[in-house]
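Residue numbers (the working numbering), protein chains in the order written: chain A, 276 to 501; chain B, 276 to 501.
Covered stretches of chain A, going by a simulated chain B footprint (3 or more residues, C-beta under 8 Å):
id, stretch
1, 331-338
2, 357-369
3, 429-436
4, 462-471
Facing chain A, a subset of chain B residues (Cβ under 8 Å, in silico):
id, residue
5, ASN290
6, VAL390
7, ASP396
8, ALA413
9, ALA433
10, GLU440
11, ALA455
12, ALA465
13, ALA480
Think of the hints as simulated: they come from the structure by calculation, not from any bench. Note that beta-carbon positions come from the ideal geometry of N, C-alpha and C, so glycine has one too.
Spelled out from the first residue to the last, the chains are:
Protein chains: 2
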Amino acid sequence: MSTGMRVGELSRVSNESVSTIKYYLREGLLHRGEQSAPNQAAYDESHVRRLRLIRVLTDVGGLAVADVREVLDAISDETLSLHELLGVAHHALGPARAAPGDDVERAREEVDRFVESLGWDVTPDAPARSGLAEALAALRRSGLDLGTAVFERYAKTADRLAAWEIGFIPESPRRTAVEAALVGTVVFEAALVALRRLALEHHSARRFKQPRRRATRGGRASRAKT
Amino acid sequence: MSTGMRVGELSRVSNESVSTIKYYLREGLLHRGEQSAPNQAAYDESHVRRLRLIRVLTDVGGLAVADVREVLDAISDETLSLHELLGVAHHALGPARAAPGDDVERAREEVDRFVESLGWDVTPDAPARSGLAEALAALRRSGLDLGTAVFERYAKTADRLAAWEIGFIPESPRRTAVEAALVGTVVFEAALVALRRLALEHHSARRFKQPRRRATRGGRASRAKT
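Excised from the complex, chain A in its bound form (with noise of 0.2 Å):
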């Protein structure tokens, strides 16, 4: 994987296709390679983890390719610190889901209330916070209406979470330093959902699991249909 690979190599390394990297470049998501020859660009070792960044960020992050854009224009600047640079990569992450409203305003507010209560030193319009209001309008509305207090039990956990995962950010080189910033923000936000899910089955099976039914796993619904 030294310097000078063509774009055929660069794909059969990155495992992307010679068009998702043309695309890439064209959209300037992709640094140019060096130009070896007329008509011919000689890609590195650099290229290889843009690649395999943006794949993380689309794949696992969902992001669109616009905003992967703007995370990636915050990492070639070099005067934003590693906690600006997150700042960004947190507003193109966005709330979790869009869903406005009048009962969503109002849980802003109470939301604003709980992170202050937390002590957390968070920006005014972190889009999280959103996230956490649309939560809990959506508990509201279906009649669960507990309050902010609902969210103590998570907010200690993703406090201690958190705490570890920025703890684990090596400090230097600032590229290291950055990767492993928005690979993890994103990576075990995607483990811890799939391991909540996986434990809530388990929790349910140990709670809700009728013993003499053992044989309809998994035949749910198309016994339903037949």
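Since chain A is already given, all that's left is putting chain B on it; use the hints.
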């Protein structure tokens, strides 16, 4: 909110547009109202509740209409236990993202061993297994190859949260239990994701934020340039 609402009133109470309600009626997501006159149907509280549930599943859970229908069909099938119903919901939620590939398949085998080592009672085709495998493969692609051991902390956390959440579901009546289980699965996931992002920002601030050109903490990148 007694019996006998016209569609306009149902719209006002549920905060869904009349055209959305009619769409759900056509698609069979919402049960027909009682025919109160030719060309006129009367809706009741059950329609309001159903609309709220659809809203949570689509807005917070991000489910497509076809997936919502699958979940709603499972609710109607009273032979399904709550555990089986949750299984249907988890299948509808699917893996966080789809990113197939050889490395994901290899990761999937590791994930299966990991889940077994946790002693979790989870169906072999639970989509969250793939979600976790994708996260593991993404970490590996990014050069952060730590194996499933890196997820142990998250698994323990998820296990604690899930035990609490499942314990929170009322035993009966079935309708209440079902709604609490579905809403909880979707909403607390969104809340946990939002809280983790907020906590990450907080801990990133503590570790990396540059305190107005003063101490050395976090000042690496920009100081190196100036």
